[in-house]
Structure formats: C-alpha cells, structure tokens
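Enquirer: Sequence:
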Amino acid sequence: MFEVVNTGIIPSKGPISGTVRKGPLVLTAQIPKDPVTGAVVEGDITVQTRRTLENLKMAMEGAGGSLADVMMVQVFLVYSADSAGMNAVYREFFTEPYPCRATVVVKELLSPGLRVEIIATAHIEG
40 MFEVVNTGII PSKGPISGTV RKGPLVLTAQ IPKDPVTGAV VEGDITVQTR RTLENLKMAM
100 EGAGGSLADV MMVQVFLVYS ADSAGMNAVY REFFTEPYPC RATVVVKELL SPGLRVEIIA
160 TAHIEG
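Each residue of the sequence shown is one higher than the one before, counting from 40 in the numbering used here.
I should point out that these hints are in silico values taken from the structure, not numbers from a laboratory. Think of the CB as a built atom: it goes at the ideal place given N, C-alpha and C, for glycine as much as any other residue. One or more hints might be untrue.
Taking lysine-lysine pairs in the DSS-like style, the calculated list, with each CA pair at most 27 angstroms apart, reads [to be verified]: (1) Lys96 - Lys52; (2) Lys52 - Lys146; (3) Lys96 - Lys61.
Okay, the calculated beta carbon distance ranges per label pair [to be verified]: (4) Met40 - Gly165: 14 to 20 angstroms; (5) Met40 - Tyr118: 17 to 23 angstroms; (6) Ala141 - Gly53: 31 to 37 angstroms; (7) Val59 - Phe132: 18 to 24 angstroms; (8) Gly77 - Glu100: 16 to 22 angstroms.
Using the sequences and the accompanying hints, generate a full structural model.
Expert: Have a look at this one:
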C-alpha cells in the first residue's frame with residue numbers, strides 16, 4: 040500500500056491523491072492551481088508552468104526531497120506553440136542533468152483554461 044504525501048497543497052475535490060509514496064518512490068501530478076484556494080491560475084503558459092512547477096517543488100519537499108530527486112517528468116500541453124515558454128520556465132526549476140522527459144500535446148485538459156499538467160516520478164530516500 041502507498042501513502043498520501045502531505046504537500047501543503049489543497050487536495051483536489053475529485054477522487055485524486057496529488058502526491059503518493061511507496062518506499063523511496065514518489066509520484067505526483069500537478070496543475071497550475073493556487074495551493075491555498077485550489078483555483079486554476081489564469082495567465083499564459085509561463086504563468087501556468089511556473090505555478091505548476093512551484094507546486095511540484097512543494098510536493099517534493101513534502102515528501103522530504105527536492106526537485107533534484109525527480110527522475111522522470113511528463114508534460115502535457117494543450118498548444119504546441121507553448122513549448123518554448125514552458126521550456127524557458129522549466130529551466131528555472133531544473134538544471135543539468137535534467138530529468139528524463141516526455142512532452143505531449145493533447146486536445147484538452149480537464150479544467151477550463153488549463154494549458155499544462157505535469158507528472159513527475161522521484162526517488163527520495165527516507
């Protein structure tokens with residue numbers, strides 16, 4: 040059985056655990072939502088990516104680690120033209136060696152106005 044990690048981010052209203060852990064393996068799925076209110080932040084891809092990665096950082100810290108522990112990232116974008124802006128912000132949060140990453144353009148994401156969703160897998164001891 041896995042455990043749900045307390046990240047300090049308001050839980051989703053849906054049947055979702057935002058960050059889970061089993062042993063050193065930590066999995067998280069983050070969107071650009073305000074961690075206090077749960078509302079999706081409005082703005083362009085840089086605003087939404089920054090909030091999503093800030094939430095990812097909170098998730099890793101809640102699990103006792105940091106972004107340096109992230110090994111795999113999956114990025115879902117609604118617009119392929121957003122990749123440059125997403126990458127610019129991504130470089131603010133991750134440095135070499137970068138995690139393994141897949142970036143996928145999708146038709147839409149679940150919440151209206153949502154332009155990015157990021158899933159990450161990390162290995163955090165302790």
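Enquirer: Would you list, in rising numerical order, the hints stated earlier that this structure does not obey?
Expert: Numbers 5 and 6, in rising order.
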